[in-house]
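Asks: The listed protein sequences correspond, in order, to chains A and B. With this note's numbering applied, the first sequence covers 846 to 1135. With this note's numbering applied, the second sequence covers 3 to 333.
These aren't lab readings, by the way, just hints derived from the structure by calculation. Being a predicted model, the structure only gives us computed values, none of them experimental. A couple of the hints might just be wrong.
[Stated by the list, open to error] A short, non-exhaustive set of chain A residues, derived as facing chain B with CB atoms under 10 Å:
no., residue
1, 872
2, 925
3, 939
4, 966
[As the list claims (entries may be wrong)] Not close to chain A: a few residues of chain B, all C-beta gaps over 10 Å, as computed:
no., residue
5, 16
6, 17
7, 142
8, 152
9, 159
10, 228
11, 241
12, 256
Backbone N, C-alpha and C fix where the C-beta goes; we use that ideal spot for every residue, glycine too.
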Amino acid sequence: MLERLASWLILCMLCTAASAVTVQDDQQQLVEIARPPQRIVSLLPSLTETVCALGLCARLVGVDRYSNWPQSIQGLPRMGGGIDPNIESIVAQKPDLVLLAGSTRGIERLQALGIAVLRLEPRTHADVQRVLRTVAQALGVPGTEADRVWQGIDAGVQAAVQSLQPQARRQRVYFEVSPAPYGASESSFIGETLQRMGVANILPAAMGPFPKINPEFVVRAQPDVIMAGDSSRASMLQRPGWSQMRAVREDRICVFPPEQADIVVRAGPRMAEGARLMAQCLNRVSGGAR
Amino acid sequence: MSSRLVMLWALVLLCIGGAGVLLGTAVGSQGWQVWWGATQDPVMQQILWDIRLPRSLGAWLGGALLGLAGAVAQGLFRNPLADPYLLGSASGASLGVSLYLSLFGGSVLASAWLPRLGMTGAAFVGAVLAVVLTLMLARGVQQTLRLLLAGVVVGVVLGALASLVALFEPQVLQAMQGFMLGSTAFVGWTSCGLMALALLLSLALAWALARVLDALTLGEATAQSLGMPLRLARLLLVAALSMATAAAVAQMGLIAFVGLAAPHAVRSLLRCTHAGVLLLSALMGGALLLLADVLARALLAPQDLPVGVLTAVLGGVYLLWRMKSTSGVRA
Chain A
846 MLERLASWLI LCMLCTAASA VTVQDDQQQL VEIARPPQRI VSLLPSLTET VCALGLCARL
906 VGVDRYSNWP QSIQGLPRMG GGIDPNIESI VAQKPDLVLL AGSTRGIERL QALGIAVLRL
966 EPRTHADVQR VLRTVAQALG VPGTEADRVW QGIDAGVQAA VQSLQPQARR QRVYFEVSPA
1026 PYGASESSFI GETLQRMGVA NILPAAMGPF PKINPEFVVR AQPDVIMAGD SSRASMLQRP
1086 GWSQMRAVRE DRICVFPPEQ ADIVVRAGPR MAEGARLMAQ CLNRVSGGAR
Chain B
3 MSSRLVMLWA LVLLCIGGAG VLLGTAVGSQ GWQVWWGATQ DPVMQQILWD IRLPRSLGAW
63 LGGALLGLAG AVAQGLFRNP LADPYLLGSA SGASLGVSLY LSLFGGSVLA SAWLPRLGMT
123 GAAFVGAVLA VVLTLMLARG VQQTLRLLLA GVVVGVVLGA LASLVALFEP QVLQAMQGFM
183 LGSTAFVGWT SCGLMALALL LSLALAWALA RVLDALTLGE ATAQSLGMPL RLARLLLVAA
243 LSMATAAAVA QMGLIAFVGL AAPHAVRSLL RCTHAGVLLL SALMGGALLL LADVLARALL
303 APQDLPVGVL TAVLGGVYLL WRMKSTSGVR A
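Use the sequences and the hints to build the structure in full.
Replies: Have a look at this one:
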């Protein structure tokens, strides 16, 4: 009798172990997920895009206010942003998993309310691949699917690299992420893409992925090409000395409009598309000048 | 006579607070939402009991802490412009938060004990250490002017350091912005418990020393001649002030004007001794912040306006109006 009970127990444990997964988030915390989540809330655009790239867009029940891709999530309820997530809206959706960045406010609050939270923050190419794998694992998607998606992204980046014309290579680039100004250095995913293109970055990896820089640094470095998001359009040329920079005088500037900037600055599944936009920019400015 | 009036007003403000908590449970992410019919739904119950109720109660408690701290600060410094953040606690809390975020924001040290302290713990420790630093720079509490100047210096320097730490990483900067816009959205039952404890302790301490504050209104020399143990009393009052402020700041972030406006509002209602002012300021602060919070939730629903933004606007308008009406009387 006792033996039968024990074997039954072991069988039970095996059953749950088969469906339960334990994944590690970016803060090295182990998160146990009992069964594949069916109601997911994402509070970071790149994570929203990652879920959709894995083909599970339909499982999203809420996103942050900055998520805007793909089209099918436009109608989903909005749960605030990274610094002001709306705890009540999130709980009201009864999510079984919330995906968010490590710096999001109120994480402890969500955990206290009994909601499984996965903190992921991709910043490099390797991060994008790892986040794809982690999200796939958490959502019960086979790892081969995650690898397939990653191979697609990687091939896309490679295609963008090869589309670069010879005269567009070996230029020195300054990439501005936001007008504070914060730039993208060699160690960010944007810098890594540029590196694969054989293009030099005026911000060395030692400065950290997205360093805050002195505008004078850019003037002194005299980049051949300037790339920036739409938010920098107004203020960039007002900075002292910038109008006299070679790149500005020769109009070797690419300011990405908002919908393109979203693609370029998000470390997610659309990274290849971002690489293509950067390659287009480099081809255009080098073709025009020489 | 005066004490009966105080009790009457205390009762009125307490009722406003109670009504506010009830109101607070009826407004949330969907705007106004009457809950009497919906209590069968387990999610709705969780929203009511674990989100709206602690949040509303927390707003009241936090407001009460700030109101009390404001009344203590204004009495201690004999200055109607004194506010709870005068001794540098706000900047200290900011520095604590920014250091915490930049050290542990994306870190691998999650199993160490320090990160367990959390953002609220870091803010509390930062706020208390800032006041201790101010006391050290002012060499004690004897000279009001020294204390004020040291508080300003500590506030500016620690604030600058906090910005410096945050500037290096855009993510920390973003999270810091969230902290600067104080919000009650993340208050749970634990936070409520901590704030209630801090309120009880600091109110008891300040209440016990209310006679010292009364004596101080006659000038320091007079207070001394009345045989008050001024030095000890001041130290204890600073302790009550910093404990109340640190507890509120740690749980909610920076919330402007409640601490400044609550004692003014009380004094415009009635004239009484400091025992009354302290009690009523706490109740007034609680009612003010709670009503502001309810408004902040309802105004842009389903978006959630950080209540700190709203109190800054409303408090500014109120003080301006007070200034105009009192200067009109004098002219």
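Asks: For every hint, state whether the structure bears it out.
Replies: Structure-based check of all given hints:
no.: 1; hint: 872; in the structure: holds, 5 Å
no.: 2; hint: 925; in the structure: holds, 6 Å
no.: 3; hint: 939; in the structure: holds, 5 Å
no.: 4; hint: 966; in the structure: holds, 6 Å
no.: 5; hint: 16; in the structure: holds, 26 Å
no.: 6; hint: 17; in the structure: holds, 26 Å
no.: 7; hint: 142; in the structure: holds, 38 Å
no.: 8; hint: 152; in the structure: holds, 31 Å
no.: 9; hint: 159; in the structure: holds, 20 Å
no.: 10; hint: 228; in the structure: holds, 48 Å
no.: 11; hint: 241; in the structure: holds, 28 Å
no.: 12; hint: 256; in the structure: holds, 14 Å
Against the hints set out earlier in the document, no violation occurs for any number.
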